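Colleague: Quick note, the sequences are listed as chains A, Y and X, same order.
Under the UniProt record's numbering, the very last position in the first sequence is 170; numbers go up by exactly one each time.
Under the UniProt record's numbering, the very last position in the second sequence is 291; numbers go up by exactly one each time.
Under the UniProt record's numbering, the very last position in the third sequence is 786; numbers go up by exactly one each time.
I should point out that these hints are in silico values taken from the structure, not numbers from a laboratory.
Source: prediction; values computed, not measured.
Where hints are given, some of them may not hold.
Taking lysine-lysine and the DSSO-like style, the derived pairs with C-alpha atoms no more than 27 Å apart in a straight line are [claimed, not checked]:
1. Y:Lys278 to X:Lys429
2. Y:Lys89 to A:Lys121
3. Y:Lys278 to X:Lys652
Computed from the model, here is a short list of chain A residues facing chain X with C-beta under 8 Å [said to hold, decoys possible]:
4. Thr7
5. Asn11
6. Val46
7. Leu94
8. Thr106
9. Leu137
10. Ser138
11. Tyr147
12. Ser149
Here a beta-carbon is modelled for each residue, glycine too, at the ideal position from N, C-alpha and C.
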Amino acid sequence: MSTREITVTVNGRKRTAHVEVRRTLADFLREDLGLTATHLGCEHGVCGACTVVVDGHTERSCTQLAVQADGREITTVEGLAAADGTLHPVQQALRDNHSFQCGFCTPGFVMSIYGMCEEKKAGRPVPCSREEIREELSGNICRCTGYQSIVDGAEAALAGAGTDTTGGQA
Amino acid sequence: MKPPVFEYVSPASLDDAIAALSAPDAGDVKVLAGGQSFVPLLSLRLAQPSLVVDINRIDELATITEEGGVLTIGSLVRQRQAEHSDVVKKACPLMAEAIPFIGHTAIRNRGTIGGSIAHADPAAELPTVAACLDAELVARGPGGERTIPAAEFFTGFFTTALAEDEILTAVRVRAAGPATGAAYEEVARRHGDFAMVGVGAQVRLDGDVVAEARIALSGVDIAPVRASKAEAALTGRTVDDSVLEEAAQAAVAALSPSSDLHGSAAYRKHVAGVLIRKTVATAAARARENR
Amino acid sequence: MAGGSAISGLVGASVHRKEDRTILTGTGRYIDDVQERGMLHCHFLRSSVAHGRIVSIDASAAREVEGVVRVFTGADMSAITEDLSFAQPIPGLNSPSYPAIAHDVVRFVGEPVALVVAESRYIAEDAAGLIEIDIDPLDPVMSTTAGLAEGAPELFGEVVPGNVVHTDEQLFGDIEAAFSQADHVVEQSLDQHRWACNPMETRGGVATYETGSGQLTYEASTQTTHTLRFLLAGWIRHPIHQFRVTANNIGGGFGLKFSAYREDVAVCAAAKAIGGAVKWVEDRNEHLVAAGSAREEQLTLQAAVKADGTLLGLRVTMKLDAGAYPINPPATVYAGLVRTTLPGPYKLPAYQFRHHIVATNKASYISLRGPWAVETLVRERLMDKIAETCGISPVEVRTRNLITLDDQPTKMITNVTLEHVTAAETFQKLVEMVDLDEIRREQEAARKEGRLLGFGVGTFIEPAPGTQEFWAAVGFPFGSEPCRIRIEIDGKVTAFTPQTPHGQSHETTLSQLIADELGVGFDDIRIVYGDTDATPFSMLGTGGSRAATMASGAVVYGSRELRKRVLEIATHILEASVDDLDIADGVVSVKGAPGASVPMAQIAMGCWLAPDQMPPGTNTEMEFVANYDGEGGGFSQASHACWIEVDQDTGKIEIKRFLVVEDCGKMINPAVVEGQVIGGIAMGVGGMLLEHSAYSDDGQYLTATFMDYLMPSAPELPEIEIEHLEFESDKVVGSRGVGEGGTVLAPAALLNAIDDALAQVGRPRVTETPITPTRMLELLGVIEKE
Ligand SMILES: Cc1cc2nc3c(=O)[nH]c(=O)nc-3n(C[C@H](O)[C@H](O)[C@H](O)COP(=O)(O)OP(=O)(O)OC[C@H]3O[C@@H](n4cnc5c(N)ncnc54)[C@H](O)[C@@H]3O)c2cc1C
Ligand code: FES
Ligand code: FES
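Using the sequences provided together with the hints, build the complete structure.
Modeller: What follows is the structure, encoded as structure tokens:
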């Protein structure tokens, strides 16, 4: 069994661990670090439930190996809300819009929408119309909602992104 | 659905990577690039390599350069990076047009240009772009570097001319000049899915006349297909509805796609014709604008 | 909104969900999040052969793998478990029992043939790859037609003769007379494909056996903890009083998680045999292949109608492809549901319904959100065909036949009383919101530009929860619903419901009801679910769109009883009569006398700590189990309209607009209602256009990943407009379920729109689903059918 030592910064905290080289990043986060917010809906890259932000970009955590995250910086849903429990503006916008039902897909959507908001803050082009938001969210599958409420939430989150300075850390 | 046991190296240089690939006792070695196709294959245990050579730390493979009318895209350039690169947009508009059809943002943030081409999915966009533009695919192995023309690179269903100990290092295309326009269109079941049929077209005009037409299709054969009959039908002509129809028919007649759950052979042939007409018309219009 | 203070009138408001903080911060506990001490991991080896006899199985190499704790073959498992049996005293039902892990015959691709328990899922999968199994293939039966054919291979020999699980014919009214009086006989058929629930969280469970106490706990991703418990206890030979089933966050179910499965049996038995905690979480590949699929039915209909479109009689034949193994509920329930519901909200004087349920070499036929949905699909399409035959509009044909409020109470031909059913009123409202003439003009104009537009409508009633009579006709019990409510020592409230919510927002809606009824703050209420040690028994859990009526009724009655007790005590303390008292924000006060009040916390503390010091003659029990009988039950209803554009070049269908007029009675939380409606429609649309649990002729499963099983994503779905009617009956609880209806009705409106588009270019109707782009171009005559 081939293992390696890796050091990954997760939600601002440096974590060092020995991992088997075949272990996926998702399993490392969930099982080794106990960060179970990142969900696994397909384990083959399609559903987006495992989406995390790696070095500033949204990526699947089921289609990369934990060893590949060595030296990188990762944000998961656990890293969004403030320490006192105040929701990140993205989370708040989704809450206000009753975006979700069972919640299984939710962390993936939160991270995808957070990623879009970060792109907007960085001055990169982001979707504007509801149709564009739908296309941008096509990599996340939700079985419960039919997406309309998620698009509502994403629209609100994007409208707010970059306009306030108080938003959560991470 | 978990990856099988394998050994793993992540060299920081190309030479080390090639050394790992060509080590005599290496066994079944596989290159890992963006992992967007390869890791799912591992998890489904459809791939069970003994050694995985991760090339993600080889920074020299992650550059985009244009020099002397030739655009060189390193194989490790992320699809998303190329999609938003001004150099790519200008020198290879067909690629910039095609990339947004690949999966979703999070896939393109990680998936690489070279990985898609080396994977050689016959429904994929980038192999089709490479075939369309007669790209040169630069490979490096223990015996040094060689350049493989796209026409010889895609040898079949998920198979290429790369040797097992070779790494695809770059894609080279002639930069698009003036009076050139490109268009990429595809029909997929859902947004972001692999195409049932995709068509890339690039047209260069001389006045109103087509000086050069390049058309390639995905999803209609075991590898990307050049529509050479259609290209011939267009060359030297002014693009109008009847010429488009003639070209489309010529192309479609030469196709023999197979059927699957997502689209029948008849469907693919029909849509190939539709998309050829559409992309060539758009490419020609864009070429006119670029005169 | 919704802070700690009681705001009267929470019911009816789109209150923020209680569930959201947990799910948005990722702090929920879904089944794969469970990590018990020393927990082991399961992986099932599954058959790659559709039908065959197991000649040999050799797991010795797998047992040698480091980290493997135990490998169970079928024989090993059968030594410690009973076969699963869903047999019921239903005349003519041939329900084979079957082992948790196959040991003699395999009957579908994906059937478990061995279970590996190891220190990690990775290792379990490594070891499974080393198990050698030799299966002698038999001819597979891959359709109902093949299964019923003369000389077809029999899956279960004499247990299911001729592969017929059940067959029946029922007659209502004088069907011969109806057809003899008919001006037209209109025929229609539909062959619906298999598609699946595919909750984003697959099946799974963690079984923990405490060797000292003999206590077994199964934490599962289930819709029904109590049923799972009593079914499993027998099969794993475990005393039920030593067995607890729990559920926490559940990532969707849609009907799938209503049954107990052989994997549950194997996992619980393995935990007992090994003595510890064992986790099984189905991966998506397993889920698609083995969890079962739904909706594979073929129906033919013949309607006797008068020249003006009035329905006289209906003959229906249904074949249902049950797959290989029965699950809960028995397949006769599905047939009964289709039969009983099919006449819908229409006047129908005569009716004949015949069904054949056929065993095939596929994964089980399972419940999917409105499992009876095909009745609405075929009926609403038939109405359109009748309209065409009689030369009237789709609106006219429905208006002529619909049962209005004025007609009620009345009986459906299937002996179900309809009362307060407003399908006709929702349809009327829909028609008012739509200009049919304008739509026809637009279609004509579009055709001139070479574009093809289609428009379709549909209406239906949904047994949500249905009535006693309804369920008697179906052949399934209509149980009452309990809820235990407790005013805690500090005046806050805990309610224990047998519901097992998995997205339906019961923590929110039940809290809204309690807050209003009891006068306590929304945040001062907790809903406990998913624990057989804590919640009162119900067979149903969350399913059948019952909660809006039944669970609501239980908490309303429970809250009222406790309120009565609190007020009774307060009359003594405050020296005022009950009528003069009010409870708000957890404080009982005398109306109009600001100073005269007593906190509920004080009363509760007295009742819990010193009941003997409370006013004599008062009831000091601060906990009460209410049972709600549904007050006769009822139906919800809706009408849908769907506008599409067909791309004649690519066969792709775009839904341009989708309009819903729905009536689920009093809405507790409109945002929750809309979420259910829209989510339901999304599923129906996905099922018709994208999703397919496909098999090859030799029984291989073709759509085993999400690359091939196409779940609808955001761009494939329309924006949905909803209009609510909220008819209020004279019942105490006027809320009706709304969870399934979208999935039931949307396919009908969509297919009617597609048929409408086809008709405009002189093409025949759809007879087979799904409507893929290829099929659409075939229907349009653009390409040849293969
Ligand atoms: C949900 C989803 C949707 C997708 N949709 C599309 C789509 O619509 N169109 C599309 O084209 N793709 C799609 N993809 C695949 C994606 O584009 C992949 O990025 C691409 O196919 C492979 O690139 P990669 O860098 O990820 O390579 P990897 O997955 O790392 O490798 C793929 C294969 O190529 C080999 N390889 C990679 N790089 C090299 C190299 N430099 N030299 C030699 N061999 C190499 C590997 O050994 C492996 O066999 C999708 C993927 C997912 C998960
Ligand atoms: S779990 Fe990673 S994309 Fe589905
Ligand atoms: S909320 Fe259930 S899958 Fe999205």
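Colleague: Work down the list of hints and note, for each, if the structure agrees.
Modeller: Checked hints:
1. A C-alpha spacing of about 43 Å is found between Y:Lys278 and X:Lys429, which places the hinted pair above 27 Å, so the restraint is violated.
2. For the given pair, Y:Lys89 sits about 24 Å from A:Lys121 by alpha-carbon distance, which is consistent with the 27 Å threshold.
3. Of the pairs offered as hints, the one joining Y:Lys278 and X:Lys652 holds, with about 16 Å between alpha carbons and a cut-off of 27 Å not exceeded.
4. For A:Thr7, the interface hint is violated, the least distance from its beta-carbon to any beta-carbon of chain X being 22 Å, above 8 Å.
5. With a cut of 8 Å, the hint placing A:Asn11 at the interface with chain X is violated, because the nearest CB-to-CB distance is about 11 Å.
6. Nearest Cβ of chain X to the Cβ of A:Val46: about 4 Å, under the 8 Å cut. The hint holds.
7. Among the interface hints, the one on A:Leu94 holds; its C-beta lies about 6 Å from the nearest C-beta in chain X, closer than the 8 Å criterion.
8. Checking A:Thr106 against chain X: minimum C-beta separation of about 5 Å stays under 8 Å; hint holds.
9. Interface restraint check: A:Leu137 against chain X, minimum CB-CB distance 5 Å, threshold 8 Å, status holds.
10. The restraint placing A:Ser138 at the interface with chain X holds, with a minimum CB-CB distance near 4 Å, inside the 8 Å limit.
11. Nearest Cβ of chain X to the Cβ of A:Tyr147: about 4 Å, under the 8 Å cut. The hint holds.
12. Given hint, A:Ser149 at the interface with chain X, holds; its Cβ is 6 Å from that chain's nearest Cβ, closer than 8 Å.
This entry does not satisfy hints 1, 4, 5, going by the numbered hints stated previously.
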